[in-house]
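Visitor: All chains should be built: construct the whole structure from the sequences, respecting the hints.
Sequence order for the protein chains is D and C. Counting from 1, one number per residue, gives the positions in the first sequence under our numbering. Counting from 1001, one number per residue, gives the positions in the second sequence under our numbering.
Treat the hints with caution; some may be incorrect.
[To be verified] The calculated EDC-like cross-link candidates involving lysine to aspartate or glutamate, where the alpha carbons are at most 20 Å apart (straight line), are:
(1) C/Lys1153 <-> C/Asp1246
(2) D/Lys298 <-> D/Glu168
(3) D/Lys294 <-> C/Asp1246
(4) D/Lys294 <-> C/Glu1230
(5) D/Lys91 <-> C/Asp1021
(6) D/Lys7 <-> D/Glu265
(7) D/Lys156 <-> D/Glu168
(8) D/Lys123 <-> D/Glu57
(9) C/Lys1245 <-> C/Glu1230
[Claimed, not checked] Every beta carbon over 10 Å from chain C, so not counted as near; a handful from chain D, in silico:
(10) Arg182
(11) Arg260
(12) Ile269
In case anyone wonders, no lab produced these hints; they're calculated from the structure. All C-beta atoms, glycine included, are put in the ideal place defined by N, C-alpha and C.
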Amino acid sequence: MNSLFGKIPTILMLVSPILITATGGMICEQSGVVNIALEGLMMFGAFATATAHYFLEANFGPASIWLSLLIGGLFGLTFSLIHAFASISLKADQTVSGTGINLLATGVTIFLAQVFFNQDRTKQFMLGMMPNKAGIYPTAFIALVILVLTWFLLYKLPFGLRLRACGENPHAAQSVGINVFRMRYIAVLASGFLAGLSGGCLVLTSNTQFSSTTVNGHGFIALAVVSFGRWKPLGIGGASLLFGTALAFSIIANDYTLLRKLPSEVFNIMPYAITLLALVLFSGKNYAPLSAGKPYEKGAS
Amino acid sequence: MDKTKKLKQRKSLGTFLQESDGAMSVLVVLIGFLFATLLILIIGRNPSGMYKAILQVLTGYNVDRNRFYVRYIGEWLAQSMPLILCGLSMGFAARVGLFNIGAEGQYIVGITVAQLIAIFFPQIPVAHWFFAILFAALAGAIWGGIVGWLKAKYEVSEVVATIMMNYIALYLSRIITLRIPGANTYRTPNFPQTALLTSSFLQKITNGSRLNLGIIFVVLSVLIYWFIIEKTRTGFELRATGFNKDAARASGIPVVKSIMLSMAIAGAFAGLAGGIVSLGAYKYGRVLAANDGYGFTGIAVALVGNNTAVGTALSGLLFGMLSTAQPLMESNRIPKEITFIIQGLVVIFIAIRVGFRMVVAYLAKKAPLKQEKTLNTKKTQEEMPTHE
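Guide: Below, the structure is given as structure tokens:
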């Protein structure tokens, strides 16, 4: 049991990026826009952070980490603008535009790596993020703060009520003077920033460079977290913890004689299998925001 | 005088783009290439390298060496086969109003089953590879059918469900393939000769390319797709379900069955792609470390092809050409990732083509009366699914 406590830092390291991305995904879906581009946006963020940190490290020292994370977030935000413009202003199919960004992410990030570094990945930075004395990375605290702030914003402030109204019934929201377009833009850009930031956290804690396999499905796990967590902050926190632990076990299962007999892939499958099962069990009761995925048209009813 | 002429021209181009999905696709692809060309110029390389590579794939002709390499044409066709099939997979589901991101997973299931049969089935000529391919398609059908069943019975979003099934397929495939006797962390022992799709004739006429018998199944699939969708009662019911589920149900069409069937057929196409790739392009079973990506590119293929049989075949050839040109681009100092950028841009442009049409419509008419008219047609167009 003691050794399991020793694994908590590893688990938290894996949970944090998932939680940050999922929080963004939740904000986005609560405003009525489905964002399956989370995976791609994480790639943009991870690439930008790794690149920025490589160049800034020498001059800025430890401050470079935070600066690079910010740059990663802004890079994600920039590309989420495409999704926002397509799906809100042009009323495009949200799944198609999200898929486009995911495809674009593989191309653009590695293309830029070729331009900057002449190889299909970024050059290694010297020093990633450092854990504290208990071995816990600051990303865990970042994730927690973001989740609590988001909860406060969405459920305790008028702004949050307005944002959620846009996802439930945009026409009603419009009728009481809420600018649905603006709210949805804010939500999509927020999810882009958070996905980018989380990509940065991922690359700074678990890697020393960015390559095409750095993000490796974390964005899709975050998407599963949003569904499994029933679009609520507490649910998302719990789901991230569960899925992150499953992922951690695919790495650490070898330390336990009992688990060593199982193929480690069993733990990789768990987040996805659990989500599918949960979607079936929750079916009938619709927890998803009512208008998520539907473009909003002014005046039409 | 000049101005009115110009306006007239714009209008005719406008209506053309409004009405023809094919013209829109061509426009979208051209804009994608334009962006790519500009991007290459920005990073200070010579875009002619990209076009030379493309020319060599299309015709086998190498401009710099003034020689023909017929092998590239064979490689191009071989590379297009799984893309066309995955495009058909995505397109078939789209005809019923479903978004099948799961072609990748169905493809992986197909690979896994084909590899198992290739290794364990008795070595009977022809029957060996035939059954491997057949069961690959069947496995894909089951994998897709599960999602259809969940969607029809429990209203689980097929987008989320297929993404989950993709990753389950990937890791399940690893678990199973690693259990095959003699397998190491990345490959199994060689397949017996009877399991391979290679054809000495096709290799001979294409100077040793990887073109194989799979091409027959691809041509058959395109024909079957066209036949089911356009000529059968089932196809009509499927399309009706795609246009309006409630109306279809009201007119006695079994909607639940339609959804399951469409996902199963979509899965069969992708599973077939997996079978063809594993027995045509490789001589041993692979322990997959990551997605091959054919399924995801298939989404772009179907979108550009407007979910029609012929359109999907053509756009599959387009994307197959891009990916075959990759190594040639590299040797011309063009980062090969430019092809992924073109893919992504094309999908995004397709997503915003309603927006394109709005701009075209806006430019086309200035008179308020005409504007009102097109506003109406625009609305009906948006409400209808985008395919014809």
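Visitor: Each hint should be assessed against the structure and marked as holding or not.
Guide: Checked hints:
1. C/Lys1153 <-> C/Asp1246: Satisfied, since the Cα-Cα distance of roughly 15 Å is no more than 20 Å.
2. D/Lys298 <-> D/Glu168: 15 Å, holds
3. D/Lys294 <-> C/Asp1246: 18 Å, holds
4. D/Lys294 <-> C/Glu1230: 29 Å, violated
5. D/Lys91 <-> C/Asp1021: 18 Å, holds
6. D/Lys7 <-> D/Glu265: Holds, at roughly 19 Å.
7. D/Lys156 <-> D/Glu168: 17 Å, holds
8. D/Lys123 <-> D/Glu57: 12 Å, holds
9. C/Lys1245 <-> C/Glu1230: 19 Å, holds
10. Arg182: Answer for D/Arg182: holds, closest chain C Cβ roughly 19 Å.
11. Arg260: Given a closest Cβ separation of 15 Å, the condition holds.
12. Ile269: 5 Å, violated
Comparing the model with each numbered hint stated earlier shows that hints 4 and 12 do not hold.
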